[in-house]
Amino acid sequence: MDIDEYRAAFDAWLDDNREQLAPAYEGKGTLDEQMAQIAKVKRLAFDADFGRWGWPERVGGLGGSTLFRAYLQEAVTARDLVEPGLFSMQEVLAPTMIDFAAPELAATMVARLLRGDETWCQGFSEPGTGSNLGSLSCRSVRDGDTWRVTGQKVWTSLAQYAQRCVLLTRSGTPESAHRGITALFLDMDSPGITVRPIETMHGSLEFSEVFFDDVVVPAERMLGAEGQGWSVAMDLLPYERSTALWQRAAFLHSRLQRLLEVAPPGSLDPLKLGEVTQTLYAFRARSRGTQHRMASGAPLGSETSIDKVLLATAEQAVFDLVADTLPAEVTVGDDVESHLWRTEYLYSRAASIYGGSSEIQRNIIARRLLDLGSDR
Amino acid sequence: MDGEELELFERSLRHATASATGAELDAALVELGWHDALEVDRRASVALLFGLQGEAGSTSAALDHLVATATGLAAAASTGVVLPAIDRWDPPGVVHGRTLQVAGLVSSAGAECPEVVVAATAGDALVAATVPTESLGLRPVHGVDPWLGLHQIPAREVALPAEPTPVEGSWTDAVAAARLALAQQLVGTSRTMLRLAREHALDRVQFGQPIAGFQAVRHRLAETLVAIETAEAMIDAAWLDGDPGTAAMAKAVAGREARVAAKHCQQVLAGIGFTTEHDLHRFVRRALVLNGLFGSAKSITSAFGAELVESRQLPPLLPL
Chain V
1 MDIDEYRAAF DAWLDDNREQ LAPAYEGKGT LDEQMAQIAK VKRLAFDADF
51 GRWGWPERVG GLGGSTLFRA YLQEAVTARD LVEPGLFSMQ EVLAPTMIDF
101 AAPELAATMV ARLLRGDETW CQGFSEPGTG SNLGSLSCRS VRDGDTWRVT
151 GQKVWTSLAQ YAQRCVLLTR SGTPESAHRG ITALFLDMDS PGITVRPIET
201 MHGSLEFSEV FFDDVVVPAE RMLGAEGQGW SVAMDLLPYE RSTALWQRAA
251 FLHSRLQRLL EVAPPGSLDP LKLGEVTQTL YAFRARSRGT QHRMASGAPL
301 GSETSIDKVL LATAEQAVFD LVADTLPAEV TVGDDVESHL WRTEYLYSRA
351 ASIYGGSSEI QRNIIARRLL DLGSDR
Chain G
1 MDGEELELFE RSLRHATASA TGAELDAALV ELGWHDALEV DRRASVALLF
51 GLQGEAGSTS AALDHLVATA TGLAAAASTG VVLPAIDRWD PPGVVHGRTL
101 QVAGLVSSAG AECPEVVVAA TAGDALVAAT VPTESLGLRP VHGVDPWLGL
151 HQIPAREVAL PAEPTPVEGS WTDAVAAARL ALAQQLVGTS RTMLRLAREH
201 ALDRVQFGQP IAGFQAVRHR LAETLVAIET AEAMIDAAWL DGDPGTAAMA
251 KAVAGREARV AAKHCQQVLA GIGFTTEHDL HRFVRRALVL NGLFGSAKSI
301 TSAFGAELVE SRQLPPLLPL
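Keeping their order, the protein sequence lines are chains V and G. Each residue of the first sequence is one higher than the one before, starting from 1 at the first, in the numbering used here. Each residue of the second sequence is one higher than the one before, starting from 1 at the first, in the numbering used here.
Because the hints were derived from the structure by calculation, they are not lab data. Any given hint might turn out to be false.
[Unchecked claim] Listed below are the simulated BS3-like cross-link pairs for lysine-lysine, each with C-alpha atoms no more than 27 Å apart in a straight line:
hint: 1; chain 1: V; residue 1: 272; chain 2: G; residue 2: 263
hint: 2; chain 1: V; residue 1: 272; chain 2: G; residue 2: 298
hint: 3; chain 1: G; residue 1: 298; chain 2: G; residue 2: 263
hint: 4; chain 1: V; residue 1: 28; chain 2: V; residue 2: 40
[Stated by the list, open to error] Among chain G residues calculated to face chain V with C-beta under 10 Å, some are:
hint: 5; residue: 141
hint: 6; residue: 217
hint: 7; residue: 222
hint: 8; residue: 224
hint: 9; residue: 225
hint: 10; residue: 238
hint: 11; residue: 242
hint: 12; residue: 244
hint: 13; residue: 252
hint: 14; residue: 285
Idealized CB from N, CA, C, for every residue including glycine.
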């Protein structure tokens with residue numbers, strides 16, 4: 001199967017199953033509705049094999065180019081079938097599991113994520129650890145065949161829905177920095193875990209605080225070796241900053257197209273519109289290049305920070321234009337579509353923050369891509 | 001061209017563009033077979049030469065050649081080509097009977113030729129009108145970048161010595177080819193500005209450390225690299241889909257991002273970058289003129305936006 005065959009087959013399948021795949025809600029839906037819809041789309045796509053292409057056979061996939069995965073993400077986004085950001089989280093977590101989990105563990109677990117049977121979350125940030133990930137303090141202590149975890153995480157997306165968590169813990173001394181971090185894959189129904197959702201500015205309980213009180217994790221749930229958690233994080237972050245964001249160009253394209261259709265005559269500034277469109281197309285071109293590099297087997301690294309900066313720039317440019325063009329809808333409109341514009345506008349403010357702020361990306365670009373040496 | 005061939009070609013072009021400019025560079029391009037390579041691997045030939053010209057700050061008649069071949073204008077080496085005036089991209093001439101109205105620019109190579117050819121509209125048709133160079137009243141451009149060697153044709157009417165000939169190629173293709181080349185040259189220009197600013201940031205010590213250690217400086221340089229890669233990505237998209245509309249976007253993005261690069265790099269280079277004792281100013285100047293050739297970022301973008309408002313339809317996204 002090549003990408004053109006996959007595209008044609010998947011498009012035909014999406015057409016044939018239009019009714020079954022359609023969301024049961026109008027507009028954006030509640031978070032519960034969005035999560036149920038994502039699980040449904042994943043299950044149907046997996047059972048029809050489309051959700052398995054591009055993933056290794058040893059974790060329940062059918063092999064083949066990773067471009068198949070990219071096309072799936074894009075196609076379900078362009079057809080408004082799923083909330084794109086939540087749907088694409090598997091593009092962050094599954095590759096890490098495949099690279100670092102014991103083979104039997106990866107073989108059992110990854111297919112559950114891909115089929116939508118499970119939701120996973122990513123326990124990285126802490127109240128005292130945002131941009132400086134190496135300073136995390138959620139404690140893990142080895143106790144025979146188990147780890148015992150005590151501490152707190154924050155900004156953990158979908159924690160209240162998740163069955164599992166990829167968790168970074170401090171197994172070394174507090175001074176051990178990035179050398180003393182161990183990654184664990186734990187069950188969210190383990191005794192001692194408390195999840196407290198936080199309401200975001202755009203009105204969603206998308207992320208949570210998660211508290212760990214002497215939570216027991218079997219030692220075989222370690223990802224990588226003891227003290228290798230930093231490598232796990234460094235492996236995961238480039239995906240979070242690039243391939244997981246690929247579908248956002250398709251999302252932004254469909255929203256910008258909608259804006260063109262509904263904008264009152266004279267409300268769109270041609271120069272601004274042209275610039276925003278060019279910015280979006282440049283992000284798409286950059287992101288496409290990254291997808292093709294990954295498909296060729298090249299490792300992704302610091303250069304993905306450029307993808308992330310471009311996404312943030314493009315997304316905020318599109319929704320700044322929305323706010324300028326539809327001021328009444330965004331500010332005082334209470335119909336379904338106005339609510340959607342407002343929610344998306346507000347969510348776009350997070351694009352320069354999540355997955356490493358634009359400032360952190362610039363630090364990485366300066367240090368790793370421009371070789372400017374240390375800034376400390 | 002494959003990997004090894006390409007590497008060798010790049011090395012030769014790098015040497016040529018760094019050590020020669022103008023007529024000398026044109027001679028070197030003939031010698032190393034750039035025009036033949038263009039027929040074999042158009043993308044690599046254009047991207048390499050124009051990128052390297054941008055990096056080195058050198059000039060050649062390659063842009064004239066691209067415009068001439070895309071339109072099928074008579075491409076004798078002894079015939080120059082008239083380019084549109086700054087911020088214009090329509091054919092530079094209009095023919096009424098045996099009179100040619102022309103306004104535009106001629107490269108230094110073109111100005112040396114006894115004759116120049118003008119792409120001109122005649123009613124709905126595109127024609128090639130060839131006139132003696134001396135009839136155009138060429139005036140060397142000093143302007144912001146005298147080193148580019150452009151000549152200005154003050155708007156004028158010229159009597160045609162011969163009937164203009166019909167043109168087979170399309171002016172749209174010529175504009176697209178020129179824009180892709182100029183976009184790549186703008187990226188090359190930006191890359192040199194970034195190199196100069198980076199070297200300065202590492203060398204210049206203040207408060208007991210290289211200024212490259214300060215986040216305000218680092219972020220400007222990082223933004224410059226983002227600007228350059230944004231333009232590169234858009235150029236890549238234009239080669240991939242071959243659409244003149246995408247080439248227009250690439251030129252607009254490259255022009256805009258070169259201004260961003262110039263702004264950041266000039267600020268990092270500060271006092272010394274504001275003098276003629278440092279090379280930066282030549283690249284800042286070059287970026288301004290290149291942005292204007294075949295349509296500035298602002299004009300291309302406004303026209304594009306106006307089309308979108310009118311059609312209410314975005315172009316398709318670049319496929320995976």
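Hint check results:
In summary, the hint linking residue 272(V) to residue 263(G) is supported, as the alpha carbons are separated by about 21 Å, within the 27 Å threshold. For the suggested pair residue 272(V) and residue 298(G), the alpha carbons sit about 10 Å apart, so the restraint of at most 27 Å is met. Only pairs whose Cα atoms come within 27 Å are accepted, and residue 298(G) paired with residue 263(G) is accepted, the gap being roughly 17 Å. Taken as a hint, the residue 28(V) and residue 40(V) pair is honoured in the structure, with Cα atoms around 16 Å apart against an allowance of 27 Å.
With its C-beta approaching chain V no nearer than about 28 Å, residue 141(G) sits outside the 10 Å limit, and its interface hint is violated. Because the closest C-beta pair between residue 217(G) and chain V is about 8 Å apart, less than 10 Å, the hint holds. Because the beta carbon of residue 222(G) sits about 4 Å from the nearest beta carbon in chain V, less than 10 Å, this interface hint is met. Proximity of residue 224(G) to chain V holds as hinted, the smallest CB-CB distance being about 9 Å (cut-off 10 Å).
Hint on residue 225(G) holds. Least Cβ distance to chain V is approximately 6 Å, under the 10 Å limit. Interface restraint check: residue 238(G) against chain V, minimum CB-CB distance 9 Å, threshold 10 Å, status holds. At its closest, the beta carbon of residue 242(G) sits 14 Å from a beta carbon of chain V; the interface hint therefore is violated under the 10 Å criterion. The beta carbon of residue 244(G) is not positioned within 10 Å of any beta carbon in chain V (closest approach about 14 Å), and the interface hint is therefore violated.
A least Cβ separation of about 6 Å between residue 252(G) and chain V falls short of the 10 Å threshold, and the interface hint therefore holds. Given the 10 Å rule on beta carbons, the hint for residue 285(G) is violated: about 24 Å separates it from the nearest Cβ of chain V.
Checked against the numbered hints given earlier, the structure breaks hints 5, 11, 12 and 14 and satisfies all the rest.
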